[in-house]
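Asks: Now for the letters of each chain:
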Amino acid sequence: MKNILKKIGMMLLTMVIVSFFAFLAFQVIPGDPTIKLLGSDATAEAVAELRAELGLDRPFFTRYLEWVIRALQGDFGSSYIYSMPVSQLLDGKLGVTALLTGIAFIMIVAASLPAGLFAASHQGGRLDRFLTILGQVVMAVPPFFVGILLTLGCGLILHWFTPGAFVAPRQGFWHSAAYLVYPAIAIALPRIAMTVKMLKSSIAGELERDYVRTAYSRGNSPSAALYRHVLRNAVVPTVAFLAMTAADIVAGSVIIEQVFAIPGLGRLLLTSIANRDFPVVQAIVVILALLVVLVNCIADIVNQQLDPRLRLQ
Amino acid sequence: MLVNKKSTSFRIGLAIAAVMAALALIGYVWTPYDPAAITGSEKFLAPSLRHLFGTDNFGRDIFSRVMVGVGTTFFIALCTVLIGGTVGTLIGAFTGYYGGVVDEVLMRINDALTAFPNILLALVFIAMLGFGKYNVILALGVAFIPSFARVVRAEFARHRTMNYVKSARLMGASHLRIMFRHILPNTRGVVLPALIIGFNNAVLAEASMSYLGIGVAPPDVSLGYMLSESQSYMMKAPWYVLCTGLVIVLLILGVSMMGEGLRKGGS
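In the order they appear, the protein sequences are chains B and Z.
Residue numbers for the first sequence follow this note's numbering, beginning at 93 and rising by one.
Residue numbers for the second sequence follow this note's numbering, beginning at 1243 and rising by one.
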């Protein structure tokens, strides 16, 4: 319990630093947003007025604290471009991205566990060698290219889905999820290859340990030794790896949303970057980063439960 | 020797990467056609001996454009690794070797920064700096510093207490000499593969950013931008999307196979 609290404490500290960076980054930007909004020939009074309205004239730390307190209440300020609250812009989009990353994550876990176990227990076999080469190739394919191939193959040629015809989860959850399966595959495929490789090598490492020989000598069959003894140990580095890929899955979804024309956080982020609409960019970046920190913390706690040795550190 | 010469994976990877590098280098001085020449009568020609990869929506020769595009990608990825690798190695070396409060603080900051996926960090920098080739290099280079610093720091922290470092110290070697003459060469087994992975991540990030339209912008030619363009003509000219994508895949595959061979040879 003490360990878990400590982890959560560390997580909160990291979150504070993350939010600080996200805030800082958008304070040192060259290019005043007021010029973008008013045009370069605006009068000095108009600029000063707008700066006051946007709160840009107050000291840095005051603005940071205010921003954090408001953000905790779900208020991320107003978009410069759309003149509506950022939270309203985010509404609905967050759910889409969460659903997409969720499906991708489930795919990764569901596919790599059995594949990794299979590869580890058939090591050196022809199928294993084939899978290794296949994995190496799959890892080299950029997710957005997989996405393009899927829209071409499954969408335009086989007509399994209509690219661009995305339904919001609120209007039909299952329709939405069915559409998201393809982008999720694009995100998941290279990750699955990496996870399988990771799991395979950690199982192979564990199989050489003394406790495995002991397990055999006590009459365990190879599969019993694998499932009852090895798996639990081998899964620990894999969980840590999966947590690390959480960041990449989130980043991947930003790109994949563009390929499949999905109106999620990623699309909003890109248009906001193009428009220099910083409150929106800031909010999205912070939300994504906090999600990553949270996932990492959960993974650490899970690993501590799996491997008591980690609780000592 | 670090590299296991017999590793087939390394050899095949090296061959693929060499072909790509050759394409890029030749592309700098000569291409079969002018990559920017628009020929209205030659739109959407399928691959043939005259146009190896066919032509695009403006009648431009895709193979010529791919050659130039690979060059852009190579250049950006190399610069990124150079910036991220040099600065990351310096930070990692000093914090890992000396430890202490500065190390603690920097590593906390590093932890926080790794919460931002590389490409997201780069996007933030691009939002601040604006688009274009050199901004992409700067953004990616800076975004890659934390991950390199982390790898190098871990190695330096591990080597710091080893006997060879102690004896070098006893012989009167300065800290700087120990760090860069003694420890740094010993970390190559870990740092080189990290650089190779970094190179691939940079290729991927550059292609992704250009694909999203926030990276390399025309008139500079980039594989990512070509892919986003080709997506509109997938049914009409499937060779456009396939050839361009295949080159990106080969580039990443070649380099990653080299890295794989290096890693196996090193252990």
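Do not rely on the hints blindly, as some may be mistaken.
Quick list of simulated restraints, FRET-style, between CB atoms [as the list claims (entries may be wrong)]: (1) Z/1419 to B/386: 39 to 45 Å; (2) Z/1283 to B/245: 29 to 35 Å; (3) B/95 to Z/1434: 43 to 49 Å; (4) Z/1283 to B/137: 57 to 63 Å; (5) B/161 to Z/1253: 36 to 42 Å.
Just some of the chain B residues that point at chain Z, by a computed CB distance under 10 Å [to be verified]: (6) 229; (7) 233; (8) 250; (9) 381.
These are calculated hints, taken from the structure and not from any lab test.
C-beta atoms are modelled at their ideal positions from N, C-alpha and C, and glycine is treated no differently.
Asks: Run every hint past the structure and note whether it holds.
Replies: Results of checking the hints against the structure:
no.	hint	in the structure
1	Z/1419 to B/386: 39 to 45 Å	holds (44 Å)
2	Z/1283 to B/245: 29 to 35 Å	holds (31 Å)
3	B/95 to Z/1434: 43 to 49 Å	violated (36 Å)
4	Z/1283 to B/137: 57 to 63 Å	holds (58 Å)
5	B/161 to Z/1253: 36 to 42 Å	violated (59 Å)
6	229	holds (6 Å)
7	233	holds (5 Å)
8	250	violated (13 Å)
9	381	holds (5 Å)
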